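Trainee: Please construct the entire structure, taking both the sequences and the accompanying hints into account.
Listed below, chain by chain, are the residues.
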Amino acid sequence: MNRRDSLKFLGIGALSAATLVEGCKSPGKNPDSSKGDKAADAAQPGRLPNEIARDKKLNEEKFFNDHEMATITVLADIIIPKDAKSGSASDAKVPDFIEFIVKDMPEHQIPMRGGLRWLDMQSLNRYNQPFVALSNADQLEIVTAIAYPNKARPEMQQGVAFFNRMRDLTATGFFTSKMGIEDLGYVGNSPNVWNGVPEEILKQYGMEGV
Amino acid sequence: MNDIQIKKTTTPYDAIVVGSGAGGGMAGYILAHAGLKVLMLEAGPFFDPRTDSMQLKWPYESPRRGASTNTRNFGDFDGAFGGWDLEGEPYTTKDKTEFYWFRSRMLGGRTNHWGRISLRMGPNDFKGHHIDGLTDDWPITYEEVKPYYDRVDRMIGIYGTVENLPNEPDGIYLPPPKPRLNELFIKKGAEKAGVKVIPGRGSVLTQALPGNKDRGSCFFCGQCGRSCRVYGDFSSSSCLVIPAIKTGNLKVIPNAMVREVLTDANGLATGVSYISKDDMQEYQVSAKIVVLGASAGETARLLLNSKSAAHPGGLANSSGVVGKYLHDSTGSSAGGWLPQLLDRKRYNEDGVGSIHIYGPWMGDNKKLNFPRGYHIEFGGGMGMPGYGYGFGMQGMNGKVPGRDGKMKEAGGFGASLKDDYRRFYGTDFGMAGRGMAIAREDNYCEIDPNVVDKFGIPVLRFHYKWSNDEINQAKHMQETFQSIMHEMGAIYDPMEGPETNYGLEAPGRIIHEVGTVRMGDDPKKSALNKWCQAHDCKNLFVVDASPFVQQGDKNATWTILALAMRTSEYILEQRKKLNV
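Protein sequence lines, in the order shown, are assigned to chains E and P.
Numbering follows numbering that gives the first Met the number 0, in which position 12 of the first sequence is assigned residue number 11; successive positions increment by one, without gaps.
Numbering follows numbering that gives the first Met the number 0, in which position 334 of the second sequence is assigned residue number 333; successive positions increment by one, without gaps.
Some hints here could point you the wrong way.
Here are some, though not all, of the chain E residues that point toward chain P, as calculated from beta-carbon distances under 7 Å [said to hold, decoys possible]:
#1 L47
#2 E50
#3 I79
#4 Y126
#5 M206
#6 V209
According to the in silico footprint, chain E covers these stretches of chain P (three or more CB under 8 Å from chain E) [stated by the list, open to error]:
#7 43–50
#8 67–80
#9 122–134
#10 172–186
#11 377–384
Anything over 10 Å on all C-beta distances counts as not near chain P; from chain E, calculated [stated by the list, open to error]:
#12 P44
#13 Q108
#14 D119
#15 L123
#16 Q128
#17 A132
#18 R152
#19 N163
#20 D167
#21 N188
Calculated directly from the structure, the hints in this document are not laboratory data.
A quick note: this is a predicted structure, and the numbers were derived from the prediction, not measured.
Heads up, the beta-carbon is just placed ideally off N, CA and C, and yes, glycines get one too.
Mentor: See the structure below:
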């Protein structure tokens with residue numbers, strides 16, 4: 000069914016269809032529109048000038064240095080690797096999201112920067128090399144020591160706190176990307192008719208009479 | 000800026016309306032449709048959901064994935080500009096008390112993002128004094144307001160079901176959306192816990208609105224909070240102000256921050272003065288009638304800042320009540336997840352952006368340690384992921400066996416963790432109580448004698464404390480939530496305890512603040528008469544939530560709309576009689 004037919008099927012009037020199509024063409028549709036290009040400076044419907052200016056300014060700033068970004072990329076892909084269903088965190092540009100979000104939410108900055116250095120210090124003390132330079136097995140050994148809050152040793156607690164934050168930001172960055180949303184199987188955000196829970200699902204959970 | 004001057008327009012309008020939210024929008028709509036020449040002043044930019052809504056955007060279209068900013072406190076796609084703090088427009092608090100004031104400067108105000116939960120106040124909400132002596136009665140009854148509620152239902156559209164419950168009046172309804180799966184679990188659990196759950200009541204067009212060709216029907220994206228491009232839900236911008244502009248009788252001046260209501264030697268309103276945020280110049284405009292719909296906080300501020308020889312204590316304030324009896328709904332919430340729903344089948348259950356199910360208050364205060372009650376709003380399911388999705392997995396994935404049937408160590412990384420996010424998706428739910436707070440004289444806002452905003456307008460200073468009544472109510476909410484979640488077979492955290500006042504949100508946080516310019520029959524104890532006309536100034540009217548004497552456990556918007564319609568038609572009548 001093409002778009003026009005599906006809208007007709009849904010009984011949304013011509014007026015609604017036109018506005019919806021218009022809405023889907025609005026700027027910002029391109030995931031890369033956050034990059035500081037000319038389009039990002041222009042007025043955008045429904046966005047205040049200070050919102051546009053704020054995003055532009057944040058995109059022009061750089062918070063993490065190259066070494067930190069490399070470490071974030073390695074960690075993000077350890078947390079969300081490529082598998083049979085979808086790509087890795089870095090395939091979904093999660094490190095770029097993390098770079099943006101720490102500028103947008105400064106409360107992440109010290110825990111992230113300090114956490115990355117904490118990780119490098121663990122790495123240097125154990126293996127005399129920074130985290131990114133370690134073999135995959137050695138990286139996983141350190142990550143394993145901070146990835147399980149209930150069994151981590153007390154002296155690793157700062158690492159656990161850092162890794163919890165890194166896990167959160169990686170997961171949120173991945174599952175809000177196009178790739179991650181498809182992986183998750185979210186099928187909404189499109190015109191439809193809601194007629195309640197499908198019959199077979201009601202049966203599956205014994206909810207027919209509720 | 001050497002040449003600041005006050006620009007005066009001498010041609011008077013029939014009426015000036017200050018504010019474009021639910022109340023101001025309705026006043027503009029009724030008066031303009033009746034043929035009056037109306038000027039509406041809005042402190043923020045023009046906003047039309049048809050072109051300006053962020054509806055149907057994906058999280059990756061926002062660099063912060065829909066997270067909130069100072070400009071949009073409810074997220075990057077939210078329909079409301081503004082929030083708890085506006086740059087250059089402070090407010091203060093007194094005696095170390097707390098109040099949070101949400102302001103949305105834009106056409107339609109806060110109605111662009113509200114929950115569309117549309118409730119009528121009941122007979123006992125208007126006349127509650129007989130119950131326990133704790134509240135003052137309104138000068139009007141439910142029966143007097145009912146015809147206006149009916150007309151608002153028909154004019155704007157609302158879904159729901161006729162239930163014939165006590166103090167929970169039914170309306171004229173479109174069909175409600177069916178519950179989502181998680182909501183069926185909630186309903187079943189709530190019934191076992193003895194908590195009544197009925198279909199929601201929301202101002203969303205689940206079907207075409209009879210007689211209205213300008214608004215489309217809901218297409219079930221669940222994003223009312225972003226405002227609706229097809230006008231499928233109620234925003235004052237889309238449903239009231241923009242149609243009023245089309246009559247040719249309403250002019251809107253956006254970015255106009257009203258400073259003061261002007262009065263003559265007889266104390267009658269002659270117009271208002273405002274500063275234009277566009278050119279930073281000062282303006283005065285005149286009208287035969289001034290209607291305030293600036294919000295409970297801003298309307299009180301405006302009146303208190305409008306001092307003159309005729310009104311030395313501020314306009315409409317010979318009683319001294321302006322600013323007093325400020326009250327916001329109580330709020331406390333809880334949530335959890337349903338292990339039964341791990342690995343659930345995917346389908347589109349976005350539904351509507353208002354509530355699908357609703358828990359009305361059915362309690363008996365004789366058996367309780369607090370007066371009056373609260374309702375419960377519920378939700379949950381396979382929503383669109385946004386910033387924050389997936390946070391806290393280490394608190395979830397150690398609590399249930401993995402696909403292999405073995406318990407997992409909480410936290411982790413790698414393919415197994417990645418799979419957990421899929422497994423847990425759509426298992427969550429939440430519930431929130433919204434309750435009645437007693438209007439008290441010593442909860443108030445006043446003009447801070449020392450502080451002005453960037454426009455030089457003196458700002459509000461708040462003094463607000465919860466009492467044990469509200470704290471005990473929040474405790475009861477938490478206990479109720481625990482019993483519902485237990486009966487659902489959910490996994491959830493222990494209840495909020497006394498250290499957080501049982502999760503009771505700070506005053507203002509529920510954004511239902513009302514009561515600062517109360518109506519009443521006695522001019523010594525009230526600022527407005529029962530038509531929301533100032534006792535002290537017969538051509539001044541108030542149409543927002545500030546006239547509320549006592550809010551019930553019902554959200555305020557539907558009552559604002561009904562009262563604004565009633566007051567606007569009273570204005571038309573009084574004009575015919577040449578009284579104003």
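Trainee: Hint by hint, note whether the structure agrees.
Mentor: Comparing the hints with the structure gives:
1. L47: Holds: closest Cβ of chain P sits about 6 Å from L47/E, inside 7 Å.
2. E50: holds, 5 Å
3. I79: holds, 5 Å
4. Y126: violated, 19 Å
5. M206: holds, 5 Å
6. V209: Where the cut-off is 7 Å and the nearest Cβ of chain P is about 5 Å from V209/E, the hint holds.
7. 43–50: This one holds; 4 residues, not fewer than the three required, reach chain E with a Cβ under 8 Å.
8. 67–80: holds (count 4)
9. 122–134: violated (count 0)
10. 172–186: n = 8 at 8 Å, threshold three: holds.
11. 377–384: holds (count 4)
12. P44: violated, 5 Å
13. Q108: holds, 15 Å
14. D119: holds, 18 Å
15. L123: holds, 21 Å
16. Q128: holds, 21 Å
17. A132: For A132/E, whose nearest Cβ neighbour in chain P is about 20 Å away, the distance exceeds 10 Å, so it holds.
18. R152: For R152/E, whose nearest Cβ neighbour in chain P is about 14 Å away, the distance exceeds 10 Å, so it holds.
19. N163: violated, 6 Å
20. D167: Violated: least Cβ distance 4 Å, not greater than 10 Å.
21. N188: violated, 5 Å
The structure shown violates the earlier hints numbered 4, 9, 12, 19, 20, 21.
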